[in-house]
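2 protein chains.
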Amino acid sequence: MDDLETRELRYFVAVAEELHFGRAAERLGIAQPPLSRAITQLERRLGVRLLDRDRRGAALTDAGRVLLREARTALDAVSAAVRRTRRAGDPERPLVLVTKAGASHELLRALLDALADPVEVLLCEVGEQAHRLRDGQADVALMHRPFDDLAGFDTADLHTESQVAIVPAAHPLAARESVTLAEVSAVPDLPIARWPRLDGTYPDGPGPEVRTQSQLAQLVALGRTLLVIPASSRAWQWPEHVAVPVVDAPEVTTLLAWPPGSPVASLVRSAAKLSF
Amino acid sequence: MDDLETRELRYFVAVAEELHFGRAAERLGIAQPPLSRAITQLERRLGVRLLDRDRRGAALTDAGRVLLREARTALDAVSAAVRRTRRAGDPERPLVLVTKAGASHELLRALLDALADPVEVLLCEVGEQAHRLRDGQADVALMHRPFDDLAGFDTADLHTESQVAIVPAAHPLAARESVTLAEVSAVPDLPIARWPRLDGTYPDGPGPEVRTQSQLAQLVALGRTLLVIPASSRAWQWPEHVAVPVVDAPEVTTLLAWPPGSPVASLVRSAAKLSF
DNA sequence: GAGCCTAATACCCGGTGGGTATCAGAGCTT
DNA sequence: AAGCTCTGATACCCACCGGGTATTAGGCTC
Numbered sequence: 001m002d003d004l005e006t007r008e009l010r011y012f013v014a015v016a017e018e019l020h021f022g023r024a025a026e027r028l029g030i031a032q033p034p035l036s037r038a039i040t041q042l043e044r045r046l047g048v049r050l051l052d053r054d055r056r057g058a059a060l061t062d063a064g065r066v067l068l069r070e071a072r073t074a075l076d077a078v079s080a081a082v083r084r085t086r087r088a089g090d091p092e093r094p095l096v097l098v099t100k101a102g103a104s105h106e107l108l109r110a111l112l113d114a115l116a117d118p119v120e121v122l123l124c125e126v127g128e129q130a131h132r133l134r135d136g137q138a139d140v141a142l143m144h145r146p147f148d149d150l151a152g153f154d155t156a157d158l159h160t161e162s163q164v165a166i167v168p169a170a171h172p173l174a175a176r177e178s179v180t181l182a183e184v185s186a187v188p189d190l191p192i193a194r195w196p197r198l199d200g201t202y203p204d205g206p207g208p209e210v211r212t213q214s215q216l217a218q219l220v221a222l223g224r225t226l227l228v229i230p231a232s233s234r235a236w237q238w239p240e241h242v243a244v245p246v247v248d249a250p251e252v253t254t255l256l257a258w259p260p261g262s263p264v265a266s267l268v269r270s271a272a273k274l275s276f
Numbered sequence: 001m002d003d004l005e006t007r008e009l010r011y012f013v014a015v016a017e018e019l020h021f022g023r024a025a026e027r028l029g030i031a032q033p034p035l036s037r038a039i040t041q042l043e044r045r046l047g048v049r050l051l052d053r054d055r056r057g058a059a060l061t062d063a064g065r066v067l068l069r070e071a072r073t074a075l076d077a078v079s080a081a082v083r084r085t086r087r088a089g090d091p092e093r094p095l096v097l098v099t100k101a102g103a104s105h106e107l108l109r110a111l112l113d114a115l116a117d118p119v120e121v122l123l124c125e126v127g128e129q130a131h132r133l134r135d136g137q138a139d140v141a142l143m144h145r146p147f148d149d150l151a152g153f154d155t156a157d158l159h160t161e162s163q164v165a166i167v168p169a170a171h172p173l174a175a176r177e178s179v180t181l182a183e184v185s186a187v188p189d190l191p192i193a194r195w196p197r198l199d200g201t202y203p204d205g206p207g208p209e210v211r212t213q214s215q216l217a218q219l220v221a222l223g224r225t226l227l228v229i230p231a232s233s234r235a236w237q238w239p240e241h242v243a244v245p246v247v248d249a250p251e252v253t254t255l256l257a258w259p260p261g262s263p264v265a266s267l268v269r270s271a272a273k274l275s276f
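Sequence lines, in order, name chains P and Y.
Under full-length UniProt numbering, the letters of the first sequence match residues 1 to 276, in that order.
Under full-length UniProt numbering, the letters of the second sequence match residues 1 to 276, in that order.
In short, the hints are calculated from the structure, not lab data.
All of these numbers come straight from a predicted model, not from anything done at the bench.
Hints may contain errors.
Simulated restraints on C-beta separations [stated by the list, open to error]: (1) Y/Glu-92 / P/Asp-204: 34 to 44 Å; (2) P/Asp-204 / Y/Pro-245: 55 to 65 Å; (3) Y/Ser-270 / P/Glu-209: 31 to 41 Å; (4) P/Gly-57 / Y/Asp-52: 50 to 60 Å; (5) Y/Thr-40 / P/Gly-205: 52 to 62 Å.
Think of the CB as a built atom: it goes at the ideal place given N, C-alpha and C, for glycine as much as any other residue.
Build the full structure now, drawing on both the sequences and the hints.
Below, the structure written as structure tokens:
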């Protein structure tokens, strides 16, 4: 009566994301009628209307939005169970550490040295670490406060530092000893790039839209945007750019995060202590 | 190939908990042969041996222990999805707050007043709040640091206080201005009670074993054990007992906890600010 | 009103989850 | 040592249900 199967959750997520039964069915590799029936049955079992069907598709109800969020985390948890169990059965399983491209090499190197066991490093795009951790693709993540979403993880701080602005050497700001956030936000010819939100849409603003680190690097190199980043991120500093301290930007803490209850906790904590 | 159904997880959890196919099958309401087959199939699909079958039952492998832990959290997440979706579809859904019996009445009252919306209060035993939160039976929990397991939740502190020891008025310690943890631990005629661990076993020690608050209350009332608790817990202080400050006991923080990403976050945060 | 695009309904089929009956092997008991 | 007992595994069958195709039912556009 009240235990759903993951299949039903997958089906619902597909429909909720596509908002279209036909496309969702195609994505799932099944025909449209069984999918319609499955969703109807799901609604009957939950006793709740999830979608408002309409002549040109479907729209989520409030309850549907709740289920979409909950179903995603539940499916992640199931995936995590599969991945972690498989890895636990592998005799020479490496620890998987996920980090975004562009994190400090020195710190990463020191960390890998501190961990005696073999470690596999997985690179992902900005903001993706949490998801990799949640669905079991990684055991531990290198993340940054206050940027990354740390909700639901245990953490150990590694390093705290201030931020600098990366500007073309020829720009007026490049001569400054230091700048403020208000100043860098207001530079009209170097609007700050906009990252997508969790739902894939972009906030309004004058800056260019970017999805990946490499897109951003391209824009910075072209002198089309400026960038506020932790001081240690030397990878961004080409000869034709300079780094100017931003006095009132929040401190950035590089830290390790892992799912609560994971057996990596003790290992990682001691490594974090060792390396700093 | 790599997506399990919750049914398979439920079956495995039952076997892993009973360590006996027959009893597990009975608990699940199915016959033993299909259960054996399901577990075998699960092992084949994961490519990992989960149980060492034996003449007198079964024992978990390392991978099996991993799957047991992961499967429980995944099943909790699925239950949470069902509960929260049902509640989201209910037009006059109350917020469900879970607290252990014996928490401060004044604080709880102030909190309920601060929350404009109707709130349903759910009482549970010590240490059970986290589970109620994880499987969606509650939206927010009143918990205590450093006692409760806060892993995986967002929190807002409400109140911090020191601890006192509750001892019979006739006892020598009752005359003291203050005591230390070392002193109260060493009182031979009032050994501190032992609570079960997460797996249900008890740590060694001279004190009586308790499972519930009321059992403990009984023992305290009988003068068979002493108790170190936050100073505000007046409910424990009968006329024939006195409270003696414990100078080196850790401060106890009463706080609200909720699952990350929950829409109650903003509501609860503002209420927490209002009430203190 | 014709044509379309949507989701829902009708109906059939095959796979598989669950049932009973039975087997197989490792301790006990005597 | 033979047999009993308790375990999980195997064999086999059935019925349900998840998935398929064909079709219907609305509502929009032109």
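In this structure, is the beta-carbon distance linking P/Asp-204 and Y/Pro-245 contained in 55 to 65 Å?
holds (57 Å)
Taking the CB of Y/Glu-92 and the CB of P/Asp-204, does the distance hold inside 34 to 44 Å?
Hint holds: Cβ distance 36 Å, inside 34 to 44 Å.
Practice prompt. With 31 to 41 Å as the target window, see if Y/Ser-270 and P/Glu-209 comply at their CB atoms.
Written response: holds (33 Å)
> That 50 to 60 Å hint for P/Gly-57 and Y/Asp-52 (C-beta), does it hold up?
Replying inline: holds (52 Å)
- Task: Return holds or violated for the Cβ distance of Y/Thr-40 and P/Gly-205 against the range 52 to 62 Å.
- Result: holds (57 Å)
The structure meets every hint from the earlier list without exception.
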